Every structure is written in structure tokens, then in C-alpha cells.
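If you want the building blocks of each chain, they are given just below.
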Amino acid sequence: MKIRTRILINFLVVFVIIVTIVTLVTVELNTRAIRATYLNNIQGVSEMRDDEIRRFIQDQKTIIIIISQEDGFQEFLQSGQIRSEYATSAQQLLGAYLKEDSIFNEIFLLDNKGKVVLSTDKTQVGEDKNNDPYFVNGLKGPYIKDIYLSSTTNKIGYALSAPIIDSKTGKTLGVVVARVKPDGLFNLLEDRSGLGQTGETFLINKDRMFLTPSLFKGSDVILKEKVETQNAKDCFNPEEIAKYKDAPIGNHLNMPQLKQYVDYRGVNIYGTHSYIQESGWCLIAKIDQSEVSDPVRQQIIFHVAANIIGGLIFIIVAFLVSRSITKPLEELHEGTEVIEKGNLDYKVGTDTRDEVGQLSRSFDVMVASIKQSRIEVDKRVEEQTKELVERSRAMEEQRAAILNILEDVEDEKNKTAVERDRMDAILHSIGDGVFVVDKNLSIILINDVALKMCGHEIKDAVGKNYNEVLRFVYEAKPDTINDKFIKDAMATGKVQEMANHTMLECSEGRKIAVADSAAPLKDKNGVVVGCVVVFRDVSKERQIDRMKTEFISLASHQLRTPLSAIKWFVELLGDTKLDAEQKDFSKNIAMSTERMIELVNALLNVSRIESGRIVIAPTPTNIGDLLKGMIKELQQKIDERKQVLNTDIAENLSKINIDPALIRQVYMNLLTNAIKYTPVKGKISVKIFVKDTDVISQITDTGIGIPEEDKNKVFTKFYRSADAVKIEPNGNGLGLYLAIAIVESSGGKMWFESKVGQGTSFFFSLPLSGSKPKKGEVSLDS
Amino acid sequence: MKKILVVDDERSVVEVLTKKLISEGYEVGVAYDGQEALDKIAKEKFDLVLLDIIMPVLDGMSVLKRLKESEETKNIPVIVLTNLQDDDKILQVVIAGQSDYLIKANYSLEDLVEAVRKKIP
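Line by line, the protein sequences give chains A and B.
Throughout the first sequence, residue numbering follows this note's numbering, covering 1 to 782 in sequence.
Throughout the second sequence, residue numbering follows this note's numbering, covering 1001 to 1121 in sequence.
It should be emphasised that the hints constitute simulated quantities derived from the structure, not laboratory data.
Because the structure is a prediction, the values reported are computed rather than measured.
All C-beta atoms, glycine included, are put in the ideal place defined by N, C-alpha and C.
Take these hints with a grain of salt, some might be off.
[Stated by the list, open to error] For each label pair, taking beta carbons as the anchor points, the in silico distance ranges come out as: (1) Val-1113(B) - Leu-626(A): 29 to 39 Å; (2) Val-1113(B) - Cys-506(A): 49 to 59 Å; (3) Leu-626(A) - Ile-1022(B): 35 to 45 Å; (4) Val-1113(B) - Thr-480(A): 42 to 52 Å; (5) Val-1113(B) - Lys-577(A): 19 to 29 Å; (6) Lys-1003(B) - Phe-585(A): 31 to 41 Å; (7) Val-1113(B) - Phe-585(A): 52 to 62 Å; (8) Lys-577(A) - Ile-1022(B): 26 to 36 Å; (9) Ile-1022(B) - Ser-769(A): 52 to 62 Å.
Use the sequences and the hints to build the structure in full.
This is the structure in C-alpha cells:
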């Protein structure tokens, strides 16, 4: 939206709101004021009129009383109307009243019988008026008779009457009656001051007939038209009349408030009324509603017109003001469009002194500086373009030189390609899986056998970390990567064997038992730059192994059954009566059977360990106490051979988390060996100490020692050295094999030091951090 | 007199056990397979059963299971006598069946009698 439109709309909205509020308030206030003025006026007039009429009636009564007190009338009536001089003077008196004051139409005297005895209208004399109210009431005191149409004069008027009383005797002599012209009363009511155009006051009698002229219908209505309006009826309501009784003049408490009525014409009016107690008339004062509301309407029309004109002027002013604000902005906008099209020489040139003018002049300055900097940029671009052209020429030369070199390189490459092909041929003709990794463990070479084992494509293998392609895991712990041999090979620079029970896990979950080695790859300086890994599928070998283990297990079970029968029968035999020789035989049978059972149990343990199904259940164990307990068990055997056993167990050994039953087996094997192979009276020493993160147990005998050529066979299954067999023919060659298997599966290592003729020390370490538990299926036979 | 049923398909084992138990003052019944054992137990009342596992017709595990299932026989103490050890599943059932078990070859007759005495003093 344009600024100008926005300004205009804002102005207009504010204007309309303010003017509407002001108009509404003014009209409301004016309306009230006008209405109050009119209504106050009519109320005031009606009150004033009420007072005037009451005073007027009093005045009239006063007049008739004064007339009634004329001596001439008394004398005339006292004389019994006989003396003509009284009659003449009374007649003159009447005439004088008629002459002096033109309000009277006629004045006449009635005697105390009601007969007209003297009158300004001589035709009336002798008429009998004893039934006329002015006579009946006039006898009692001053009386005013309603306006009526005189039957004799055929004139509208009212009559005043008062008794003529003998001032000496107090006797009523007669009644003076004056027929009065209504003009005085009419004048009173026709005074229009404060009544506006349609206001009027008039009197009605108790029959609700007009007594005074109507503003709208003239004097023809008098005594001819009845006023049927509600306020006229209210006025003669007896309850209403009672309120006025004895109220003095000037008291208008009983006058009702102005109300809306429909008047005798059927027009809506504001009106009020007042009961005139002296004469039993009702004064009605009213004004047309339209006269009251017309000025209000005019007021509103005037205000609305004034507002519309004011609004138009305001809009014109707002338009001009907004134009003066937006014009420089539009000029500025036009200027920017021109400059945007590239004409930097254009100047907006606004000369106003306000902020827009300043902005416009700043804009001109800015355009000028843009122009300047553009000239500079153009210049710099030109310079740099020149420089670039020169550089690209130099690069072109370099490229040519490189191309020459590349040609030479290509020749070399062809030569090496021949060699590489030869190497590839060798690599791919090897029956085992082979792959080579660089020092970042990414595969750089791999042969078909290695690829086919898990069905890889060469493009998926080369360049990737070998763990992403060939996952070597432990058979027992398929979640654990077993690539220690590769890392060790690279770290130590020596050929490393794969750990036993290594599996190659293919992506689809298939596992292949593998075996073999990793050899470090060294550059000519002897620095390890990678590793060659050779492996082969040993599934079949593994299967044969398993079958062998199962066979041993089954055979051992089957062997144990007859053995137990033999064992028990020999036991029973021992209880029978035997001679010395028989006893000796049965003892030998029992010993052989026992050895046989031990052998079978040992074989079972071997098969369990080899099958990897052994349970390892670590519990916190003090191995010092464990060893001491075992020495106590074996003490008898030591004593039999008169050997000395020294113990050196480190103090404050903390408990370590190992499987006590398994470690007990290790100690048992090592200790029984030491006792067996140490000569009688020889020395045995046991030692437990902490080194780094391990607890190391050392069992040293002073036996024959292990000759150099046998050292690498010591832990082999069923192996017994020739010297050992000489000393102890009953060994089964499984003890050390079992011991090292247990130690290794508990996370430790086992080794020995030996000198022929001096003795042997067996060591095994256990990690202070303890063994990892393993859920197997079997435990060892003790 | 306490009455013991010896169940084993190995006749020499049955014989040696019978002799030993009789000499220890027990009355002994014998069965050479599982079915025969169940039939005997149904006919006679035994205070204890010595039970082999690997047997023809019906093996020791099934016998043990049936004995423990029946209201009448479930309170008869059973000692499993076996040379099987590796079969962990068998051991679990034996333990769950609240039976003792002995590896035959590893125990002497005296040990066995000791175990019997503990069960039926």
C-alpha cells in the first residue's frame, strides 16, 4: 500500500472516530438542553397562568363585592323600590359601572326573592331569577358563574354575583349580578409568551367543554366542543381535585409533571393541567411534541452536514500533507530505478530540507561514490585479467612439460604392470586365502580364495578396512572381533598365529572355522608398513576334532560304568576273609582301578576343555588361602617323602575374581608334580606375588629339570619326558595340558623356567581384574 | 526294615549294590530297566530308589519324572546313580526333581551307603 494511501486512511479513521464521538455527545447534550428549555417554559407558563387565573377570579370577586357595597343599592333595596329617587340614583350607579368599565355587558339587581328589580337592560326588569345559580349562590357570598351563553343577550360570558347586605341590620337585601365580557379572561389565556408556535393554554369546565378559545379552532369551540383527552379526565378526577383543596396561590405542588398526551386534535403533545378550585375549572397547558423535537432534528442535520463538510476539508488537507511527504520519496524511488538501469550520472536533486531531503542528498552522494568505486573496480579487473592471461600462458607451458614426463611414466607403468600381473598370478594361485593390508589396516591386495570364502567381489574389498570385509571372531564369543594376531604382527614385527577357535563371520551370518597366521610387511628400512594375512578354511579339521572329543567323552562314560562295578566289587572283596597274598592282589586291583578312573576323568576334562564348553564361574577368592588349604591336604604326602616346603605368600593379597574350583585344579596338578619329581628330603617352594596387573603363582621343585629339547613339548597333551617316566611311571601326561588350558581360559598365562639337574619353576599369572564369567555346559571332574 | 529298589541295566552293578545294601541291613528289590522299576514300585512300597539314567526300554529321567508326577510316589526319595556328567540338561532335571545324584565311578560303596543313610535314617 502506498504511504499516501496509508496516511489518508489513518487520518480518516482518526477523524471519523473523533467527529462521531463529538457529534454524538453534542447532539445528545443539545437535545437535552432544547427539550429542557421547551418543557421548562411550558411548565413555567402553566404555573404562571394558574396563578394569574386564580388572582383574576379573586379580583373579579373583589370587584363584585365593592359593587355590592354601594350605598345606593342598599338604599334602593331598603326603600322597597318605592322611592323613585333611590331608584334613579341606583339606576345611575349601574349605568356608571357599565360606562366606566367596559368589562360588563350588563349589571342588574335582584331582590331577596330573586326578581330583577333594576337592570342596565331594562327589558330584564321583572324577570324572576330565583332558580339561577348566581342568585342561589350569590345570596351566600361572592360567586362567579361559569362562562355560559346568555339566553337573553346571546353572548358568551360569565356572571359575577354578590349579596347586598344591610350594613346596619346585616340582613340580606338582595343580590347584585354582573354579566361580564370574557375578553379579560381570554386575553389572559391568549398571552402566548413562552409558548412557542404550538403552545397554548385554555380552560375547560367540569363538563370538559372549552371555556376559552382554542389556538387551532378559534372561539367557536367555546361551550360547543368537549375535550375528550386523558389529562382533561384526570383533571376532574375527584381524588385529584381533593389534592388542590385550600392550596394557596403560588403553590404548584399538585400540578402534575409534563407528560405525553394526545390532545383534542389527535396530535402528540407534552402537556400538564391544573384544577382551579375557585371556579371548578381546569387549566390545560400544552405544546406539540413536534415543536420540541424539530429543533433537535435540525441540530442533528446541522451537525452531520458540518461534519461531512469538515471531513471533506480534512481529507483534502490530509491529501495535500501526505503528498508533500511522499512526493520526495517518489522522486527518490524514480531516481533509484533510473540508477538501477545503470545511469549513475542521474541525480535525484530534491531540495527539501527535511529528513527525506537529507536522505535523497545522501543517496546522490552514495551514487556518486559507487560510480567512483566502479571505475576503480573496472580498472583493477582490467589489470587482473591481464595478469591471468599471462599466468595461463605459463601454465600451458608447464602442462606441456608434465605431459612429457607422463609419457615417461607410462613406459615405467607398463613395465611394472607386467610384474604386477606376475605377482597377481602367484597370489591367486595360492590355495589359502591371502590378503594384504596397509598400515591403516585397509586391504590393498586380496586373492580369489579369500574373496570366495564369503562371496565378496574384489571391488567391495580393496580399499576397505579388513574388519568390514573379513570379520574374524572368537568361536565362543561371536560378538568379539578377534584380530589381535594381525595387530600383534604389526606391532611386534613378528609372525603371529591366529588364536584357536577363530571363526570367519560372513555378512549373511554364516561362520567358517579358520586358522593361520599374519606376517608383518616391512619396507627396506625394516619399518612395518602393512601385514600379510594367510588363512584357510579349517571347518573339516574342526569337525574331526569335535568328533574326536565326543568320542572320548562317550568312551569315557562307557568306560566308567564297568570301572565302577570293578571298584565296588574290589571294595566288597576287601571286606571278605582274605589271606595276605589275596589282600595284596585286591589292593593292587583297587589301585589300578583308581588310576584307571583318574585317567578316564582326566580324559573327560580334556575333552571338555577342548570342546570349549567349560563353565567359568568367578567368585572373589583369596588364592593365598586356597593354596595354603591345598598344602595342608598334601602335607601327608610331603611328610612321607620327608620334603621341605617353603611358602612365601605376599601379604595383603586382595581377593580376586576367579573360579576357585578351576584354579584349585591348577595348583593341584603343579603341587603333585612338584612332590612327585622332587627327590626325598628335597626342597619345594611356593610363592605368590603381585607384578603389574597380575598375581603370579610360582611353584619351584628341586627335581631333575627339563632338558632343552623337551621344553617346547611340556604343555603338550599326553607328553611325558623319558626322565619323568623313569621317576614316576604312573603319570598320564594330561596334568600340565589341563593346567595351561584352565589358566588361559581364566585370562592368565603359564610358563616355566628350568635347569637340568637343578629343578623347575612353573609360573602362572591371573589378572587382578579377575576372570570373565563364561556360561558353559560342563564343569571339571575333580 | 527299609526297602530299597536298585534300578540299573548293568547286572554287575545291580549285584554289587544288592550285596552291599543287604549286608547293611536293607531289604532290596531290583529292576533292570525303567519300565520294570515303575511296575515294581506300583506293586510294592519302597523307601528309596537308586536309579541309573541310561537304560533300555525306559530311561532313568523318564522314571524320575513319572515318580515325581504321581501323588503316591512323589515323596519316595531317589538317588540318581550315573556315570553321565556332561549332560547339563539331565542334571537340571535331577536337581529340579529334588534328587541326589552320584557319579558312580567317583564314589566308594561306603560313600553310597552314607548317602542312603542320610535319606532314610
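Evaluation of the provided hints:
1. Val-1113(B) - Leu-626(A): 29 to 39 Å: Hint holds: Cβ distance 32 Å, inside 29 to 39 Å.
2. Val-1113(B) - Cys-506(A): 49 to 59 Å: holds (57 Å)
3. Leu-626(A) - Ile-1022(B): 35 to 45 Å: Holds, since Leu-626(A) and Ile-1022(B) (Cβ atoms, about 43 Å apart) stay within the stated range.
4. Val-1113(B) - Thr-480(A): 42 to 52 Å: Given a distance of about 49 Å, which is inside 42 to 52 Å, the answer is holds.
5. Val-1113(B) - Lys-577(A): 19 to 29 Å: holds (21 Å)
6. Lys-1003(B) - Phe-585(A): 31 to 41 Å: Since Lys-1003(B) and Phe-585(A) have Cβ atoms about 36 Å apart, the given range 31 to 41 Å holds.
7. Val-1113(B) - Phe-585(A): 52 to 62 Å: Given range 52 to 62 Å: violated, Cβ gap about 25 Å.
8. Lys-577(A) - Ile-1022(B): 26 to 36 Å: violated (18 Å)
9. Ile-1022(B) - Ser-769(A): 52 to 62 Å: This hint holds: roughly 56 Å between Cβ atoms.
Hints 7, 8, counting from the list given before, are not met by this structure.
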